Amino acid sequence: MVQIKNLHKKFTLHAQNGAVLNVLNGIDLQVKSGEIAALCGPSGAGKSSLLKAIYGTYRINSGDIKIKTVKQNINIAKAAPRDIMLLRRDVIGYVSQFLRVIPRIGALGIVAEPAIMQGMPADQAHKIALDLLNQLRIPQKLHNLSPLTFSGGEQQRVNIARAMAAPRPLMLFDEPTASLDPQNRQTVLELIAQLRDQGTAILGIFHDPADRKFLNARDIQLSAIEEAEHV
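In UniProt numbering, the protein residues as written are 1 to 231.
Accuracy of the hints is not assured; some may be wrong.
[Said to hold, decoys possible] Derived DMTMM-like pairs: lysine to aspartate or glutamate, alpha-carbon spacing no greater than 25 Å straight-line:
#	residue 1	residue 2
1	Lys5	Asp83
2	Lys32	Asp90
3	Lys68	Asp28
4	Lys66	Glu35
5	Lys68	Glu35
6	Lys10	Asp174
7	Lys32	Glu190
8	Lys68	Asp219
9	Lys66	Glu175
10	Lys52	Asp64
11	Lys32	Asp174
12	Lys5	Asp64
13	Lys71	Asp83
14	Lys5	Glu35
15	Lys141	Asp131
16	Lys32	Asp219
17	Lys52	Asp83
18	Lys66	Asp219
19	Lys5	Asp28
20	Lys32	Asp211
21	Lys213	Asp181
22	Lys127	Asp197
23	Lys32	Asp197
Read the hints as simulated data drawn from the structure, not as lab findings.
Computed from a predicted model, the values in this text were never measured in an experiment.
Start from the sequences and build out the full structure, keeping to the hints where you can.
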């Protein structure tokens with residue numbers, strides 16, 4: 001589903017006299033449909049940066065990120081912005097640690113939106129969204145309120161519900177259970193496992209070894225970032 005070859009990503013720290021930070025060095029990995037792979041390594045090893053590179057948020061310095069689609073393989077590293085936007089709509093889903101949404105739109109509408117954008121009838125999308133919000137224990141009295149007013153854990157659950165309402169063939173998860181209580185944590189893990197069983201390719205950051213064991217995830221180890229180079 002996704003194949004990465006010799007990926008390199010550097011950041012130039014302009015506030016530190018142009019120092020160059022080598023974040024990802026020669027990364028090679030592959031994740032297949034129906035598989036969960038977990039990025040492991042110390043804090044600052046570039047795990048989140050790698051997810052953002054696959055999603056097209058970060059442009060890499062060199063290497064290939066090939067995404068398999070129904071019609072062809074697309075190299076994210078060389079794709080035009082329009083092609084990346086289409087991949088995000090139909091092929092790649094990304095669940096970040098933080099919910100970023102338009103204010104004044106209720107949680108139900110936010111969760112249903114990706115499915116509607118994929119062409120699902122609005123009533124069907126709202127039904128799926130309602131079911132997910134209930135599964136994730138978002139009180140019904142909050143469904144029509146903006147999640148920007150919710151607690152951190154509630155926002156994270158809305159974020160996960162939004163991704164689950166319109167799952168893509170490749171799903172990226174950045175610490176999806178970090179702010180959750182044990183009960184909701186287990187629910188989220190079960191939803192992710194369901195995606196795997198449906199054939200979704202999943203790459204994520206799951207810090208708890210028990211979570212990775214439950215998901216039967218394959219660990220991918222990333223090394224610590226090298227010290228910044230001054231140029």
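Going down the list of hints, with the structure as the test:
1. Note on Lys5 and Asp83: the hinted pairing holds, with a Cα-Cα distance of about 20 Å set against a maximum of 25 Å.
2. Simply put, Lys32 and Asp90 have alpha-carbon atoms about 17 Å apart, close enough for the 25 Å limit, and the pair holds.
3. Taking the CA atoms of Lys68 and Asp28, the gap is near 16 Å; set against the 25 Å cutoff, the hint holds.
4. A threshold of 25 Å between alpha carbons decides the hint, and for Lys66 with Glu35 the separation of about 17 Å falls inside it, so the pair holds.
5. For the hint linking Lys68 to Glu35, the alpha-carbon distance of about 15 Å falls within 25 Å, and the restraint holds.
6. This hinted pair checks out: Lys10 and Asp174 have alpha carbons roughly 20 Å apart, not beyond 25 Å.
7. A hinted pair counts as satisfied when its Cα atoms are at most 25 Å apart, and Lys32 with Glu190 qualifies at roughly 19 Å.
8. Distance check on the hinted pair: Lys68 and Asp219 sit about 22 Å apart at the alpha-carbon level, within 25 Å; holds.
9. Between Lys66 and Glu175 the alpha-carbon distance is near 23 Å, which keeps this suggested pair within the 25 Å criterion.
10. For the given pair, Lys52 sits about 14 Å from Asp64 by alpha-carbon distance, which is consistent with the 25 Å threshold.
11. With a C-alpha separation of about 18 Å, the suggested pair Lys32 and Asp174 falls inside the 25 Å cut-off, and the hint holds.
12. For the suggested pair Lys5 and Asp64, the alpha carbons sit about 5 Å apart, so the restraint of at most 25 Å is met.
13. Proximity of Lys71 to Asp83 is assessed by CA-CA distance (about 13 Å); at most 25 Å being required, the pair is judged to hold.
14. With a CA separation close to 19 Å, the supplied pair Lys5 and Glu35 stays within the 25 Å bound.
15. Note on Lys141 and Asp131: the hinted pairing holds, with a Cα-Cα distance of about 14 Å set against a maximum of 25 Å.
16. Annotation: proposed proximity of Lys32 to Asp219 holds, straight-line Cα distance about 14 Å (limit 25 Å).
17. The hinted pair formed by Lys52 and Asp83 meets the criterion: a straight-line CA distance of about 16 Å does not exceed 25 Å.
18. Of the pairs offered as hints, the one joining Lys66 and Asp219 holds, with about 20 Å between alpha carbons and a cut-off of 25 Å not exceeded.
19. Between Lys5 and Asp28, the direct Cα distance comes to roughly 5 Å. Compliance with the 25 Å bound is thereby established for this hinted pair.
20. The suggested pairing of Lys32 with Asp211 holds, with an alpha-carbon distance near 20 Å, which does not exceed 25 Å.
21. With a CA separation close to 18 Å, the supplied pair Lys213 and Asp181 stays within the 25 Å bound.
22. Between the alpha carbons of Lys127 and Asp197 the distance comes to roughly 22 Å, so the proposed pair stays at or under 25 Å and holds.
23. In summary, the hint linking Lys32 to Asp197 is supported, as the alpha carbons are separated by about 12 Å, within the 25 Å threshold.
The structure fails none of the hints (numbered hints given earlier).
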